[in-house]
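Same order as they appear, the protein sequences are chains A and B.
Numbering of the first sequence is given in the working numbering, commencing with residue 1 and proceeding in unit increments.
Numbering of the second sequence is given in the working numbering, commencing with residue 1 and proceeding in unit increments.
Keep in mind the hints are simulated off the structure, nothing from the lab.
Treat the hints with care, as some may be off.
Just a few of them, taken from the derived set where beta-carbon distance is under 7 Å, the chain A residues facing chain B [as the list claims (entries may be wrong)]:
hint	residue
1	23
2	169
3	230
4	233
5	295
Cut-off 16 Å, straight-line C-alpha distance, at most; resulting in silico cross-link-like pairs (EDC-like, lysine to aspartate or glutamate) [stated by the list, open to error]:
hint	chain 1	residue 1	chain 2	residue 2
6	B	175	A	165
7	A	260	A	218
8	B	175	A	171
9	A	338	B	241
10	B	337	A	241
11	A	311	A	329
12	A	338	B	244
13	B	338	A	244
14	A	175	B	167
15	B	67	B	93
16	A	271	A	299
17	B	337	A	244
18	B	163	A	183
19	B	175	A	167
20	A	27	A	43
21	A	85	A	54
Even glycine gets a Cβ: it sits at the ideal position worked out from N, Cα and C.
Protein chains: 2
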Amino acid sequence: MNILLTSAGRRTYMVEYFKTALNGSGKVFASNSVLTHTLLQADEYVLTPNIYDDQYISFLVEYCKQKSINAIISLFDIDLPVLSKNRSVFEKENIKLVVSNYEATLICNDKWETYNFLKGIGINQTPSFITIAEAKAALSNGEISYPIYLKPRWGMGSIGIYKAENDAELDVLYKKLHREIFDTYLKYESAADAEKSVIIQQAIKGQEYGIEILNDLDCKYVTTFAKKKIAMRSGETDIAETVDIKEFEDIAKNISVHLKHMALLDVDCFKNNDGKIFVLEMNCRFGGQYPFTHVAGVDVPQQIINWLNGKDTNWDLLHIQTGVSACKEILPTIINKKLNI
Amino acid sequence: MNILLTSAGRRTYMVEYFKTALNGSGKVFASNSVLTHTLLQADEYVLTPNIYDDQYISFLVEYCKQKSINAIISLFDIDLPVLSKNRSVFEKENIKLVVSNYEATLICNDKWETYNFLKGIGINQTPSFITIAEAKAALSNGEISYPIYLKPRWGMGSIGIYKAENDAELDVLYKKLHREIFDTYLKYESAADAEKSVIIQQAIKGQEYGIEILNDLDCKYVTTFAKKKIAMRSGETDIAETVDIKEFEDIAKNISVHLKHMALLDVDCFKNNDGKIFVLEMNCRFGGQYPFTHVAGVDVPQQIINWLNGKDTNWDLLHIQTGVSACKEILPTIINKKLNI
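This is chain A alone, in the form it adopts within the complex (with noise of 0.2 Å):
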């Protein structure tokens, strides 16, 4: 069994979980557009073209015949839908794509679908508008109140979010936000719907936590991870808590039901002073919050790999302990030292 880690970025735990799991039985491959420390960590690496090059897809499908790799597995948003939409040419080469359903990713990568969908199956959403009109009516009409976030439609991490706390800053930081979208990678995908590029959304006060939902490759709800979130560090959970799942459980078979994804889903979650638990954000992929799950005695690589190999789910590897506290510690790492002649 030979796994392929695309767009693996500088995930090198993901990496080393996986050789791990496959514990010399098969070789872990990565890939990635540019060179990384992570890269190097694998057992053989690629670089590739770029996710949105003709020459992408047919470049990883050779990559996976050459090497006799019998599974993808991706770390990037927005290689999910560009992998998922191919999803034949790989299944033809009998390479399997641990990667969700096309519909899914999309609606994941998208944080107004993300809203609409979510609201449509009954999860409590924070007020949430795709255009400024729509967002000051529901001020002036008392529905929503400042703080307002104004993130990016299409965004990633906290790249480009704002809080508004008054008319002036949400009218100011919405050009701006706009502006700033067209001046990025974002604007890719910003250019589907230009007018609806910036979602703003009320801002919830409480605890944020993080859910994964674990779904086996006949995308078939299995279980759920829950961590409370301590600290966040660029748009990444830093300091985390595992806690147990009971009151996240209805909401994540809610969302797996409908959403049908394979694997993991990594999303976050707020609940308010209330007590009422609202869903913000969904990625159909290993996230930043995993590790705080395979620290606390989960190994959901592991997992993936006897399903590819036709086992059972084994309970043994996705039991979490509880009360795990556990952060993102950082360690110094020479990627590379040129020759001084």
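Fit chain B to the given chain A structure using the hints.
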């Protein structure tokens, strides 16, 4: 030789570097006002009162006496002037403060004083203003142009930095930042000059560099380490490459002789497209750049311990290999497991 690292925060690598340097010949103690994983990596640790608490200094002195600690090194900006102001209290107990003179700590913690200090010794400065009226005058007479940055005068890292691209953004973001400063812990420093708590700076186009200027314990210039910054994360250097110090050396010596800091000074520079070097910020402590120097063959912790032991400068410890690229890898780490009864 026992060393105490105060305000150790999450710089685990600094604890490790000092433990390696002492190599069992003494202990590394770490202190902080809240528990972190870093503290647990020290030989012993202690939770202190808040830095601004009346009991902070007497608490540290008592702890040092009790644990036979010979020297204190602080890793946090806010801590530096508080310690420095009380140098005589520590010295009376034969505890060496490896902390710069009080004046230097105040200059480094205050971006407006940094600007005035550096301008005063003839180092290139980007045009900077401490009132919005002066910034607007400079904009209208063409002395500066958008984009311009607004930063908390007493801020740290990338917290609260806004980029303004036009008059409307300047007005709104200036008011916003001023309000935010007084909503956060920055209010303590900013209370010193509330009306002048935001610094407005012309943005510089170019390449960012980091240099570290090493003075000995008599505050005399020793050497400089230089790095090209390749990626930033939350205001800290995340990927960097060591480079030749030649074009930074005169600037470094100039700063060293005038600031008279002790041990390391962490300095942010920009080289614009004409090759002109600007100095933006200074921190008189080990900063986020140091790991990039350390992995390139330098050992400042060992040199500081040697100096504390009365030994001479050992140039073998201070030779930096250029062309070494490094990154800060993420290492998921358990902090604490609650008992689940």
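So, going through the hints one by one against the coordinates:
About 20 Å separates the beta-carbon of residue 23 (chain A) from the nearest beta-carbon of chain B, more than 7 Å, and the hint is not met. Restraint check, residue 169 (chain A) versus chain B: the minimum CB separation of about 6 Å is within 7 Å; hint holds. Restraint check, residue 230 (chain A) versus chain B: the minimum CB separation of about 9 Å is more than 7 Å; hint violated. Residue-level restraint check for residue 233 (chain A) holds (minimum Cβ-Cβ distance to chain B is 6 Å; threshold 7 Å).
At its closest, the beta carbon of residue 295 (chain A) sits 5 Å from a beta carbon of chain B; the interface hint therefore holds under the 7 Å criterion. Proximity of residue 175 (chain B) to residue 165 (chain A) is assessed by CA-CA distance (about 11 Å); at most 16 Å being required, the pair is judged to hold. Annotation: proposed proximity of residue 260 (chain A) to residue 218 (chain A) holds, straight-line Cα distance about 9 Å (limit 16 Å). Between the alpha carbons of residue 175 (chain B) and residue 171 (chain A) the distance comes to roughly 14 Å, so the proposed pair stays at or under 16 Å and holds.
Distance check on the hinted pair: residue 338 (chain A) and residue 241 (chain B) sit about 10 Å apart at the alpha-carbon level, within 16 Å; holds. Only pairs whose Cα atoms come within 16 Å are accepted, and residue 337 (chain B) paired with residue 241 (chain A) is accepted, the gap being roughly 9 Å. With a C-alpha separation of about 34 Å, the suggested pairing of residue 311 (chain A) with residue 329 (chain A) is violated against the 16 Å cut-off. Between the alpha carbons of residue 338 (chain A) and residue 244 (chain B) the distance comes to roughly 13 Å, so the proposed pair stays at or under 16 Å and holds.
Among the hinted pairs, residue 338 (chain B) with residue 244 (chain A) is consistent with the structure: their alpha-carbon atoms are about 13 Å apart, no more than 16 Å. At most 16 Å may separate the alpha-carbon atoms for a hinted pair to count; residue 175 (chain A) and residue 167 (chain B) meet this at roughly 13 Å. A hinted pair counts as satisfied when its Cα atoms are at most 16 Å apart, and residue 67 (chain B) with residue 93 (chain B) qualifies at roughly 12 Å. Taken as a hint, the residue 271 (chain A) and residue 299 (chain A) pair is broken in the structure, with Cα atoms around 27 Å apart against an allowance of 16 Å.
A threshold of 16 Å between alpha carbons decides the hint, and for residue 337 (chain B) with residue 244 (chain A) the separation of about 14 Å falls inside it, so the pair holds. Among the hinted pairs, residue 163 (chain B) with residue 183 (chain A) is consistent with the structure: their alpha-carbon atoms are about 14 Å apart, no more than 16 Å. Annotation: proposed proximity of residue 175 (chain B) to residue 167 (chain A) holds, straight-line Cα distance about 13 Å (limit 16 Å). The hinted pair formed by residue 27 (chain A) and residue 43 (chain A) meets the criterion: a straight-line CA distance of about 6 Å does not exceed 16 Å.
Between residue 85 (chain A) and residue 54 (chain A), the direct Cα distance comes to roughly 13 Å. Compliance with the 16 Å bound is thereby established for this hinted pair.
Checked against the numbered hints listed earlier, the structure breaks hints 1, 3, 11, 16; every other hint is satisfied.
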